[in-house]
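Go ahead and model the full structure; you've got the sequences and the hints to work with.
Number of protein chains: 2
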Amino acid sequence: VAWQSEDGSLDLKTLRNAYESGSTSPCEVIDAVYDRIAKRGEDHVWIHLVPREDALAQAAALEKTGKTAPLWGIPCAIKDNIDVPGLPSTSALPPLRKIAARTGRTIQRILDAGAIVVGKTNMDQLAVGLVGVRSPYGIARNAFNGDFIPGGSSSGSGVAVGAGLVSFAFGNDAAGSGRVPAAFNNVVGIKPTPGIISNTSVCGRGTAKSLETLSIFALTVTDGMEILRLVAGYDREDWFSKREADSCDLAVRAGNWPFRFAIPRPSQMQFFGDSEAERLFQENVRQLEKLGGKVQEIEYTPFEDAQRMLYEGPFLAERQASVEDLVRGHEAALHPVTREILETSMHWSAVDAYRAIHKLADLRRIARNLLAGCDVMAVPTTPTIYTIAEVEADPIRLNARLGTYTNFVNLMEMCAVAVPAGFREDGMPLGLTVLGEPFKDSVAASVAARLQSANAFPLGATKTPFPAHW
Amino acid sequence: VAWQSEDGSLDLKTLRNAYESGSTSPCEVIDAVYDRIAKRGEDHVWIHLVPREDALAQAAALEKTGKTAPLWGIPCAIKDNIDVPGLPSTSALPPLRKIAARTGRTIQRILDAGAIVVGKTNMDQLAVGLVGVRSPYGIARNAFNGDFIPGGSSSGSGVAVGAGLVSFAFGNDAAGSGRVPAAFNNVVGIKPTPGIISNTSVCGRGTAKSLETLSIFALTVTDGMEILRLVAGYDREDWFSKREADSCDLAVRAGNWPFRFAIPRPSQMQFFGDSEAERLFQENVRQLEKLGGKVQEIEYTPFEDAQRMLYEGPFLAERQASVEDLVRGHEAALHPVTREILETSMHWSAVDAYRAIHKLADLRRIARNLLAGCDVMAVPTTPTIYTIAEVEADPIRLNARLGTYTNFVNLMEMCAVAVPAGFREDGMPLGLTVLGEPFKDSVAASVAARLQSANAFPLGATKTPFPAHW
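These protein sequence lines are chains Z and U, in that order. Just so you know, the first sequence maps onto residues 1 to 470 in the numbering used here. Just so you know, the second sequence maps onto residues 1 to 470 in the numbering used here.
The set of hints was computed from the structure by calculation and includes no laboratory data. A quick note: this is a predicted structure, and the numbers were derived from the prediction, not measured. Some hints could be false.
Listed next, the in silico EDC-like pairs over lysine to aspartate or glutamate satisfying Cα-Cα at most 20 angstroms (straight line) [stated by the list, open to error]:
id, chain 1, residue 1, chain 2, residue 2
1, U, K242, Z, E244
2, U, K13, U, E63
3, U, K242, Z, E304
4, Z, K242, U, D246
5, Z, K242, U, E324
6, Z, K39, Z, E53
7, Z, K242, U, E63
8, Z, K440, U, E63
9, U, K440, Z, E53
10, U, K359, Z, D249
11, U, K242, Z, D362
12, Z, K359, Z, D325
13, U, K440, U, E237
14, Z, K242, U, D249
15, U, K242, Z, D249
16, Z, K359, U, E324
17, U, K242, Z, E413
18, Z, K440, Z, D249
19, U, K359, Z, D246
Okay, structure coming up:
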């Protein structure tokens, strides 16, 4: 059976086919998962790995139930700033370590649906960063080449899916944390419209609440959207939950319908010298055109202005306001880069904050008008990828560059589906992100799914070809 | 004909009946309006009154068209921080005076519908205040007793409707500016869910954008909601416009349907010694019960916490950020109280601002859970009313008291319909406000309309009884 090959894909369809045919069982799958994890050795993907016996016991218990639960026997991973009952959370700041007594609705739904959590994944400390190297738990080893960064902040979740260790993983995403690791590990990152899924599973107040959403890593767009549909919905317990969550279309539509997609004017795009990244973006634009997409080059300045605001303006103060209660007394344990970033937020005034909020509101308005004639927008997920050595030599500037095409998305309240875009000559994967206006998650995902199907790259770092069964 | 009596009501139904029967014409109505205005003498209601000849010319032009336009021949007034093409706007800061070349969608729709703008109304400078005494253009004379404040900031608009000078008026409302003048002039104030009507008609960036909405003063709830339906809708040009605006229910439903309404626990209510205000609130609660309402006393602390945040916390910084461009260079012309209030916003940090935004988000969540079993909430519009002399002796503290039941409403993204609640022994009117959760404008208005109909107080300061034709 396909999944049983050494690094066969654990995508939902493959696993379910195996379960339905009776050719395997959850215990067998979990055993294989732990074999794969063991085989990778010290890969720093996990801050806490559930003991094999515990996961097997859970699988055995599941086997005594019917197969009706929607995620029956599906192995998954959860970022370490998201609570799972009975497991520790740290947000990659060791003194915060605490066993969670409960979780919020989103993760509870995954558990209730029969998914098996294998472990809590490594991350940039306090979810600040797009690189995956700002953790006292080491650097999660990129699924393709350990010299390169895994991407962050949801580094371990991206690698866990890309390396074929689990079927899906949860991360979260304020500036791009759910998309950049997807690009660098050749998987799909679903970052829904903020407010569609409840954030109450995030531990403490570990990230910038109003600009953040939980996100899903999966091997295919259809898998990721299935998970999203399972967890989406308005949650009265979540400060920033949106009522539209209950009625928002999240279906992935097949078929050859025509669509219009915006791209930034080529003269306004930046790849920081990575001509391979530029080539991959252009190839994907052509692929979208072949699929019936009509391209429209649009003015990129307002998006760029918004993306620069995230880390150069008072929005950082929201991070500080969110984490200060958690961090108080543990300042000495902060990663020096994280500390430096949080400190820069301190000198802004409340009037500065509202100036920025107003400027952003205006940019959002301008952006929506620019996108008025388009169904979606396509951007590179990142302009390039860096090695660990490069990032460690220039940690803040290179991190900021990686956010070129991700930072503005939550500020604009948009949704995003990051899909594999192909490989550079050196074998490293990069991504393309399909962006949608607020609550257009279905449209963005449907275009992304068609692109993934047309490209048909192997899934993650496994050798499994894109499933013909899609 | 009823409207032609000295101070007969200009409510929509009365005027339209007169137009349809052919017993009067727009020119005759406009003439009568200017006679009434002239009769009030120097009442400081208008910052700019359209010359009678101009309004008559507009009426004459209308008479040459069919009567099909929805507001054909209806006289109205517009607050002076809202642009009307060809008329000056000042926001009650004289050096800002500028003739507007155009307006935004909301007011344009009123003009296109055949309404006749009689003038631009007085207001608390820069819309900061709930009193109506902070204007270099004098104090709009309360429709009942000139010793008392008219309420603000939309003072002139409230008086213009209450004194029977126009059929409806536009104001705007961040902290209560569209409700307090309604209470003090015995009229209806419709403050929709923020984002339902476009704010682009507001000149410059004269108020706290994200916490503000245009509002409507009218003689009856049905009149006000008709105007609201005419102007509501998503506007891509408005930073804070909401997409739900296009689908939001704004109908006023008659009938004796049962409903549940929340009121604050009596022990948590404040009337600052005004036993008459307390009596009126209790009478209205009993009236709502007679109408089929089941009362539920709820914990008021989260609402009170939110209302205190508006003027005691960093939210004031949004005001400063909104007006600083307008005010720059004109600081000397600021009303001393306005200057003092804006200056207090300066010492807050951006981190303070986000702490407040987060705290508010949590209060909003708690409030929604408290209101979960209720259709609407009922509060006094204000805890009392003050004389001009009292407010001038203690301008900031008494102003803050007036916001006891209004300040939190936009912070909570709720909608509000303020209706007359009856009269104190000294003859001064007070109000009751029916509050609804976001986008429940129809429910709030329907309950408010039933209350107004059951109370059947005379309209405004006119002697016209509540119309039997409702």
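How the hints compare with the structure:
1. U:K242 with Z:E244: holds (11 angstroms)
2. U:K13 with U:E63: Holds - the C-alpha atoms of E63 of chain U and K13 of chain U are around 19 angstroms apart, at most 20 angstroms.
3. U:K242 with Z:E304: Judged against 20 angstroms, a Cα distance of about 24 angstroms means the pair is violated.
4. Z:K242 with U:D246: Distance ~17 angstroms between K242 of chain Z and D246 of chain U Cα, so the pair holds.
5. Z:K242 with U:E324: violated (32 angstroms)
6. Z:K39 with Z:E53: holds (17 angstroms)
7. Z:K242 with U:E63: violated (48 angstroms)
8. Z:K440 with U:E63: Violated, at about 47 angstroms.
9. U:K440 with Z:E53: violated (52 angstroms)
10. U:K359 with Z:D249: Outside the cut-off at roughly 31 angstroms; violated.
11. U:K242 with Z:D362: Since the Cα atoms of K242 of chain U and D362 of chain Z sit roughly 14 angstroms apart, the hinted pair holds (cutoff 20 angstroms).
12. Z:K359 with Z:D325: violated (29 angstroms)
13. U:K440 with U:E237: This hinted pair is violated, its Cα atoms lying about 24 angstroms apart.
14. Z:K242 with U:D249: Status holds; Cα separation ~18 angstroms.
15. U:K242 with Z:D249: It holds: about 18 angstroms lies between the C-alpha atoms, which stays within 20 angstroms.
16. Z:K359 with U:E324: The hint holds at about 14 angstroms.
17. U:K242 with Z:E413: holds (12 angstroms)
18. Z:K440 with Z:D249: holds (7 angstroms)
19. U:K359 with Z:D246: Violated: K359 of chain U and D246 of chain Z sit about 25 angstroms apart, past 20 angstroms.
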